[in-house]
Amino acid sequence: MTAVRTPPPVKARGENRMRRTLSALGAAQAYIGLVLILAVGIATKGEIFLNETNLTNAVGAFASRGILAVGVTLVILTGGIDLSVGSLLGIASMTAAMMLARFSLEPWQIVPICMVVGAFFGFLNGAGTTWLRIQSFVMTLAMLSVVRGLDRQVSDNVSVGTQIAGPDGKLTPQAEAFQVFGTPGHNLFDRIYYPVLAFIVVCIVFHLILTKTRFGRHVYAVGGNPTAARLSGVNVTAVTIAVFTLSGMLAGFAGPIDAAYSASADPQAGQSYELDAIAAAVIGGASLAGGKGTIAGTFVGALILTLLDNVLGLNAVSDNWQLVIKGLIVVVAVVLQRPDLFTFLRGGSRS
Amino acid sequence: MTAVRTPPPVKARGENRMRRTLSALGAAQAYIGLVLILAVGIATKGEIFLNETNLTNAVGAFASRGILAVGVTLVILTGGIDLSVGSLLGIASMTAAMMLARFSLEPWQIVPICMVVGAFFGFLNGAGTTWLRIQSFVMTLAMLSVVRGLDRQVSDNVSVGTQIAGPDGKLTPQAEAFQVFGTPGHNLFDRIYYPVLAFIVVCIVFHLILTKTRFGRHVYAVGGNPTAARLSGVNVTAVTIAVFTLSGMLAGFAGPIDAAYSASADPQAGQSYELDAIAAAVIGGASLAGGKGTIAGTFVGALILTLLDNVLGLNAVSDNWQLVIKGLIVVVAVVLQRPDLFTFLRGGSRS
Amino acid sequence: MSSEAGTVLTMRAIGKSFPGVRALDGVSLTVAEGEVVALLGENGAGKSTLMNILAGVFKDYEGEIEVGGQVAHIHSPRDARRHGIAMIHQELNLVPELSIADNLFLGRERALLDRRGTEARTAELLRGLGLDLSPRTLVKQCKIAERQLIEVAKALSQNVRVLVMDEPTSALADAEVRRLYGVIRDLTGRGVAVIYISHRLEELEEIADRVVVLRDGRHIGERHRIDRDELIQMMVGRPLGEMFPRAAGGSTGEELLTVEGLSVPGEPGSGRTPLREVSLTVRAGEIVGVAGLMGAGRSELLESIFGVHRAAGGAMTLGGRPYRPKSPKAAIRRGVALVAEDRKAQSLVLGNTIGFNVGLPSLGRFLRLGVVAARRANAAVERQVRELRVKAPGIRFTVGNLSGGNQQKVVLAKWLLTAPSLILMDEPTRGIDVGAKAEIHALMSALAAEGKGVLVASSELPELLAMCDRVLVLCEGRVTAEFPRGRATQEAILEAAMARRQVTA
Amino acid sequence: PSASSGDKSTFVVGYSQSNNAEPYRAQLNLQLQHYLKKYPDIELLPIADARQSSATQVSQVQNFITQKVDALIVSPTEPAPLTAAVEQACAAKIPVIVLDRTVNTDCYTAFIGGDNVLIGKKAGEEALRLLPDGGNVVELRGIMSNQPQIDRDKGFREAIAANPTIKIIADREAKWLKEQATPIMQQWLAQHEKIDLVYGHNDPMALGAYLAAKAAGKADSIKFIGIDGLAIPDGGIRAVQLGQLSATFIYPTGAQEAAETVNKILHGQPVEKQQVLGTTQVTKDNAAELYKQYDLSGQN
Ligand SMILES: Nc1ncnc2c1ncn2[C@@H]1O[C@H](COP(=O)(O)OP(=O)(O)OP(=O)(O)O)[C@@H](O)[C@H]1O
Ligand SMILES: Nc1ncnc2c1ncn2[C@@H]1O[C@H](COP(=O)(O)OP(=O)(O)OP(=O)(O)O)[C@@H](O)[C@H]1O
Ligand SMILES: [Mg+2]
Ligand SMILES: [Mg+2]
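Chains as they are written, first to last, in our numbering: chain A, 16 to 366; chain B, 16 to 366; chain C, 1271 to 1775; chain D, 37 to 336.
Chain A extracted, bound-state conformation (with noise of 0.2 Å):
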């Protein structure tokens, strides 16, 4: 449950039930600006915007970035910030391809690789910022470099694709598979596209470890308070190791994603990505201070983005004046989450 947010007051049994409830998905206000693109996109265009398919594109757009997200939002939790998930995001995609490419491994071979590879640089980062007390921005700065310089070097600079043909001219059995990673137009039962679902499964996965586990008591306790939590006996390197970690792991994971949607690895590929999911992560009611947040935010806040995106899209909105909105959305919509949304329009006092 953790409820993140300063809850409103508690007035009688019900009400807090209800509370309860709310504040187990995120938080209710983090929606309110998610229903206002809704609602903008079912006015502006309507039939064409709730098309399934145009969901599923727009969600599965962004889903290896949401996945980023969700890691991402795992060290902003515990007061920290992962600068490194793009280039991350960008040597699994490279593994995958490669793996694919020169060795005709198996989905099922590469996934876990790859989430190796992501796990073992987040690592580094974990190790860097406590052991040798780097402020994770830098750490992580620094790790983004790398990472990419590494990236390309192995890559010799060139794009490796995923379509790799057999003999016959056709699809390698291994490239065939490696589609359901999110080539488009490849999905489950003819109609959940495989990224969505990961997406989706990714989100469910955390929010339980995050709500149910020690481990993510423990993610909130660093980042609430580092002293109190160490006195209380928590690990506090273990878990900031932890976290970093898992970022890396999630990055590592959304590499094949990313690679299958573009049906290729670029050496360019996840740049700036991290950019999209702290934003992701923020708007969805994470404090970079640490200790607040919910992946149920995260994934709300990852919807607003992709779908704002979709519908200036769809409206054909001209960029520049989409970058203008974009901006200018994003603002609102954080403002209209606050939970304080009420007192603060009555002109309410600072906390």
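Simulated from the structure, these hints should not be mistaken for laboratory data.
Possibly wrong hints are sitting among the right ones.
Simulated pairs of lysine-lysine, BS3-like, Cα-Cα distance not exceeding 25 Å [as the list claims (entries may be wrong)]: (1) D:Lys230 x D:Lys74; (2) D:Lys129 x A:Lys185; (3) B:Lys185 x D:Lys254; (4) C:Lys1410 x A:Lys227; (5) B:Lys341 x D:Lys211; (6) C:Lys1410 x C:Lys1614; (7) D:Lys190 x D:Lys129; (8) D:Lys320 x D:Lys254; (9) D:Lys250 x B:Lys185; (10) B:Lys185 x D:Lys320.
Covered stretches of chain D (in silico footprint by chain B; criterion: 3 or more residues with CB under 8 Å from a CB of chain B, positions within the stretch not fixed) [what the hints assert, rightly or not]: (11) 52–60; (12) 71–84; (13) 166–176.
Remember, it's a predicted structure, so these values are computed and weren't measured experimentally.
From the three backbone atoms N, C-alpha and C, an ideal C-beta is built for every residue, glycine too.
Position chains B, C and D with the ligands relative to chain A; hints supplied.
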């Protein structure tokens, strides 16, 4: 004075005085990373590296980002972050080029206009983080997007040159004068490259503001403990708005420098400069938690970044390995400049 | 209760140095089962440091610790817990964003959370301490006193052999203190050893079996009998005169502050008590006390006068002129100062120096052409800090590294430097040792004698009774009684403070 | 609705551009809008800008498919990522014109684009001409993994192989950006005694190097070659006119061809599937004329 690092134990009068001198300049240890890079530069490329022109060129290429870093340092000191400076530099450089190309304004008219433009958007950042209480990360990320959109819109996505020729085929007097902002080869007394001078002057001015004035102390107080600051009579809102406005104003000032450096304003100018600026501040010891950092540190951080680039470039390190080495050296430099380095190396206790 | 029982804990020749500070030097301590040992000493004597070592806060130290007759290697909080040692720290150490239940069991949860179990257990513990809070309440919604009791509950929730309490009562009023004693007696009855740190000597008389005195990081001696004067002598190394030096019935001047029907709305979720129609006056040269139970609104009252909260109704005058501060800045400009309740959260920039903190509100006085005249400011800070006997290597020392009591002195120094005409004090002697307390009391008297007004909220009734010309009693945001000096007694004040039943009925 | 059905009075065309904020692409957009105006029955939706992101571009293409445009023009950021999206359009029976960069499928109606290897080769031939006695060349590259970078490098190297005394003594990635090129050139000037020619994969990089050389007083002894040849005041044609660049090569936008091709497709006329465009070398002699020819700023 406002020493922001834990001072070493006070032993004797003499030591105390020396320490004071050093801490006035930042923190002594901050220089170790810089010394390391200088040493590598001298060892590998001796004369070429130490050559005045080379050093000027290296610092000159970073000057506009260095100026951004000073503004960003102010914001970071209050516990915020400013991601919009790159976009603000962009729109200011476009403003400068257009003022020159369309209205043939003189440099002394262009600079104030650009600074006002930057300050205006910076003020909006401050207003959003205080009055609307949006996390500065989100507010300035939105501003990054909005301003970039406006920049592209006003410029129609076309770069605008600053080397405007008159009917006689020679540069107009205004265009000629504009070059002082930093067109390579235009130096004061034929020796001092203007952007380097501007960067140093900005550093000195803001160093004095932070260390000698009440406003400077208020900045540290707001970042260190906003509640305590408010209860001590600091107008936290005003200070916050002021630092964002100053950061925007400095980005506005950096705009013409960037335009002159490239002899044109590009609609993409300044993109991702915010990361360099923040990196300079953080490598220089500023803490993203607020309350900790110095302009001297940021200056050193900027030198580390730009000289590192220079040394790697002079040694013809391949682009890919440059990324890798750059990341590694940043980590090493940050670890080396830890004030408790020696305790740390002895495996000392944690704070 | 007998000290003949088996020894549970032995600390031998403990030493600890911080950069530039020798905090402990060869201190030994033994504690027996079921015994309450009080640890006494001036601010900065090393009490917290010694106990922090026991609780595993510090990795390195000199000396040896034995628990239950066996050498215990304690280098982390986990080690301490393994040996059955729990500590209530001097500074509150709770995670504000987590619920009370989550905080109580932090670090001891099952891998998969057992929410129902922990909440039931939490409810039980809270009830035992007389706290009427839901286990799901977020800690950030709790008042300071409640938080302190939550810390107690947290320590109690563990199966402990040795319980360390570092000033557990500094934010508690009498009623809660009594309840805490009950809990302690209950524990010692079950054989738990308690080490108790407090600067309230009268508490020690009631609860401690034995007193151990530290001075400048050294063990000075111990006593089974509590003789106040002797203990003070041991602590400060010199005899101390009158504890409460305020002369009775000093002549008072004109009305300095008048508050008429002040109402301040509480803020949902922040645990703030609303004020209802509070009226009071403070005359020049007068010390007025504010008494009340926890949550009575004392802090809100002082904070509202200082412009922290926006008033919904009422009027104030200061020095005869209307006074409507819209921010602390405005209040300071009118010569008002507030020594806030929570030094860590509300008063200090912990990461910065003593000089920075003390100078912060008075910088305006040291400006020359917009520039802070650092030399002059530092000299003034230095003087003020010396006057209050802050134990620190210099004014460039980081405030966060000072002992709790010395931090409190820094807060006082900071406000005295503003030369206020009205000083509002919220628990001003919280965590201050007896010697320094006497000095602060003397200082309050001196301020009053200079014609300043002092409005002081305190949970220590003896302090209020001894120091104040008048005592107001608050209950649930209302003034329920006012006693002039001499007519105020502990019983009368408590009765007025618990007037809530009549009020709400 | 099949786009080629003749019973429609107006046709809607979508265009997804890889990055508007490059002067070359801004020019391309401008020209495309200009030439499509000649066909009153064709409506061009506002141009979608992928801002260098393949993921964005894929969803833009998908958006256009959802909107059932009658024809689609795509300038891919990268070939592979857009392949599936183009195939989706193809599957939806929407004719696709791939403009400028290719995709890895045959399922499109027409490809229109320049030949970067050819342009690189022409640049190399110009270098041969400028350095008859051999010399030292430095090369400023675009983003390493971009196909145009790879091709422009390849063609150039093939051409200068004809004269073994011409050596590329240094090459670095300047990411297509002017302000990245300047400090790199400054470093080269510090390191190398003799640089005879700078080959920039686009005009801004060549001009950034020019600024550095000019500051060092060496601009006159070094030749600069760029690519793009945009007819904007800040572009390569003007730079050739001013003598800053020795030559540049017009990288054709293909806008006019694209407009004509779209029109033919929509009206059911046959089109050529592969339309590879040539290049024109801009020299001092033809610069003024070419500028006039390609400048559209007055005609909007
Ligand atoms: N982290 C630290 N760094 C430097 N010095 C420290 C640190 N912690 C404590 N000290 C110093 O150690 C000495 C003992 O402090 P300690 O907190 O143990 O005192 P105390 O007896 O608990 O005092 P109080 O009654 O005021 O709480 C003080 O002089 C203090 O300044
Ligand atoms: N979340 C919070 N953030 C900031 N300040 C808080 C918060 N919660 C409580 N406080 C402050 O702490 C004080 C509450 O603590 P306390 O227990 O002293 O209650 P009180 O109403 O002041 O009662 P009294 O002072 O009479 O005991 C209030 O002054 C309030 O301003
Ligand atoms: Mg203590
Ligand atoms: Mg209080």
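Going down the list of hints, with the structure as the test:
{"no.": "1", "hint": "D:Lys230 x D:Lys74", "verdict": "52 Å, violated"}
{"no.": "2", "hint": "D:Lys129 x A:Lys185", "verdict": "23 Å, holds"}
{"no.": "3", "hint": "B:Lys185 x D:Lys254", "verdict": "20 Å, holds"}
{"no.": "4", "hint": "C:Lys1410 x A:Lys227", "verdict": "21 Å, holds"}
{"no.": "5", "hint": "B:Lys341 x D:Lys211", "verdict": "18 Å, holds"}
{"no.": "6", "hint": "C:Lys1410 x C:Lys1614", "verdict": "15 Å, holds"}
{"no.": "7", "hint": "D:Lys190 x D:Lys129", "verdict": "36 Å, violated"}
{"no.": "8", "hint": "D:Lys320 x D:Lys254", "verdict": "20 Å, holds"}
{"no.": "9", "hint": "D:Lys250 x B:Lys185", "verdict": "16 Å, holds"}
{"no.": "10", "hint": "B:Lys185 x D:Lys320", "verdict": "17 Å, holds"}
{"no.": "11", "hint": "52–60", "verdict": "holds (count 4)"}
{"no.": "12", "hint": "71–84", "verdict": "violated (count 0)"}
{"no.": "13", "hint": "166–176", "verdict": "violated (count 0)"}
Hint check: violations occur at hints 1, 7, 12 and 13; the rest are consistent with the structure.
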